[in-house]
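S.K.: The primary structure of each chain is shown beneath.
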Amino acid sequence: MWWRFRKHRLAVVAGIVILAFYASVIGADFLAYADPHLSEAQRSLLPPQPIHLFDEGGLNPYVYALKGKRDPVTFKRVYAPDPNEKIPVRLFAHGFEYKLLGLIPTDVHLIGVEGAKAEETLFLLGTDLQGRDLWSRLMYGTRLSMTIGLTSVALSLFLGVLLGGLSGFYGGVADTVIQRIIEILRSVPTIPLWMGLAAALPQDWDITRVYFAITLIISLIGWTELARVVRGRFLSLREEDFVMAAELAGCSRFRIIFRHMVPSFLSHIIAATTLALPAMIISETSLSFLGLGLRPPAISWGVLLQQAQNIQTVAISPWLLYPSIPVIVAVLAFNFLGDGLRDAADPYGI
Amino acid sequence: MLGYIVRRLLLACLTVWAISVLSFTIIQLPPGDYVTSYIAQMAASGSLVSQEEAQNLRLLYGLDQPMYVQYLKWMGLIAQGNFGMAMEWGRPVLDVIGDRIWLTVAVSVAAIIFTWVVALPIGIYSAVRQYSLGDYVFTFVGFIGLAIPGFMLALILMYFGFVLFNANIGGLFSPEYLEAPWSIGKLWDLIKHLPLPALILGLAGTAQMIRIMRANLLDELRKPYVVAARARGLSETRVILKYPVRVALNPFASTIGYLFPYVVSGSIIVSLVLSLPTVGPMLLKALIAQDMFLAGTIILLLGVMTVIGTLISDLILMWIDPRIRLGGK
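Line order of the protein sequences matches chains A and B. Quick note on the numbering used here: the first sequence kicks off at 1 and runs consecutively. Quick note on the numbering used here: the second sequence kicks off at 1001 and runs consecutively.
By construction, these hints were calculated from the structure, which means they are not laboratory data. Honestly, I wouldn't trust all of these hints.
[Unchecked claim] Quick list of in silico lysine to any residue cross-link-like pairs, SDA-like style, CA-CA up to 25 Å:
| hint | chain 1 | residue 1 | chain 2 | residue 2 |
| --- | --- | --- | --- | --- |
| 1 | B | 1285 | A | 296 |
| 2 | B | 1285 | A | 209 |
| 3 | B | 1285 | A | 313 |
| 4 | B | 1285 | A | 249 |
| 5 | B | 1192 | B | 1120 |
Model, not experiment: these values are computed from the prediction.
Input sequences plus hints: build the corresponding full structure.
M.R.: Okay, here's the thing in structure tokens:
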């Protein structure tokens, strides 16, 4: 399977992209340079700040310092880049403190500025309404959005394999009932249903509980596709000789299923799971975008995009749309990877 | 054939029932009821609701009875065409929903039509001219369409509409028709506004359809009967359109059933972004206010609408596919 997969160039590239995403999930604190929750109302909606790479004839990256000024008309304090003051940007600079991998306390970040606090000058992707650095928030958002996809897919995989397996292996009444349930669930428009379920979550729950509740809600409806794949596999494998042989040899049902049948369609399940992931990610993003999924202070792609709901705001500060880029890239990559895996897993493939 | 229709109808009824129970439970899930949130709302605006008043409100809306009684009451009222009161608005639910449900239907159907009209020719083209430049372009666009959730596409299009043309592309009516009663002019205005939501809603489905159509047609095109038809000197259009396309349409039609719920649920969130006057924004508001009759009715109506749409697509499938029509299953 592996060598067949490798021939699928696009899928390999997609796989690398996915790995990069998960690497940034692990290293979110390291990649971010500003505390994602630190807000400063006066710095709200600052445009992205480009890093100037060359200075004084050599590679010497810097950004312009931000100077606060009083607006002569509105008397509001506004920040604008000051071309006279350059602040050097350094790799592996010191910033806010965090625990690497949740264990090692450190304050080293991939990039940072020298002689000033990163929170005050460096805004690679600009700031949001509350003046929080978008790049750093995006890093943390990636962590939550990518893991919520994984956990909900794991849950629906469990449900799908269990119910699909029951349905395919036993057949009869169980099969009919489960198939009808799947048909009903699939003919219900999912977003209103999700909205209803998500709106039912108590407002005072903390992030972790909301997180798991949302995972549960998404996977409650997402398991149907996986169940269909598993059932189909079970139905076709049940007639195979090796299953019959195992049965005659006196294996228990449990052993037949998990020792003999599951391994033979594991690759299909992996492919189906990969293809199910993007749907989960989109679901979470949509729900949070509506304000019914994860809620601030939790940070996810959908929560970030919530600020882009108002078209007037977006027209003035288009960088608020940046969080949609990782969503699209991740979903595309998962789709390509899943396609590649499915082709590789298909014994009748070319 | 009759058996098939009866089976479908039974399943549809079962689905509607399941949806009604689901929507009712959903509304019951949050702690507290409408009166609790009404009191909170009143307190926020400075006026207090006495214990007695709250009790009277609960009695009025039947909130003090056990849940299954409330459910049965609700169902009984629906059977009489009375969907209850939208408590927040103080008006019957049907009045509040009004045109919105039909506009939701219009938007969804427009999206489905868009999907068919676009996916069919492109699918055929991609299969007949496999690996041509056009095929690659469409495959690429299709993948992008699959990857971008509808609401995001709506956001991005609105942004460009705003920046490039300085026009707000949201909404379903021009300002002058917004409050106007229905007329030919208003209908035409609606039709002029439909293509964009249809494009946004239909793109993901279109991408999927193109892929299915392409794969099916490719399988068919390799079969000997196509060669035979060609050998007999039929024109190329006739060879392709008359036989292989017809066969390839089968799985195409069977996926319509899943397309419809997908489009309807997408329309909810896209409506919010584009501020379309469908039931979407209203559902969100009702859910936040815990307006149980309104939210429940919207979810129920959406569900019923989906079931009807699925049923229609099943009938179309039956019409296209003789294997189903002749009952051989």
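S.K.: Keeping to a limit of 25 Å between CA atoms, is the pair of residue 1285 of chain B and residue 249 of chain A held or broken?
M.R.: violated, 62 Å
S.K.: Between residue 1285 of chain B and residue 209 of chain A, does the CA-CA distance stay at or below 25 Å?
M.R.: Holds, because 24 Å separates the two Cα atoms, which is no more than 25 Å.
S.K.: Does residue 313 of chain A lie within 25 Å of residue 1285 of chain B when you go C-alpha to C-alpha?
M.R.: Holds, because 22 Å separates the two Cα atoms, which is no more than 25 Å.
S.K.: Does the structure keep residue 1192 of chain B and residue 1120 of chain B at a Cα separation of 25 Å or less?
M.R.: holds, 23 Å
S.K.: What's the verdict on residue 1285 of chain B and residue 296 of chain A, does the C-alpha distance respect the 25 Å limit or exceed it?
M.R.: Status holds; Cα separation ~19 Å.
In summary, the one numbered hint that this structure violates is 4.
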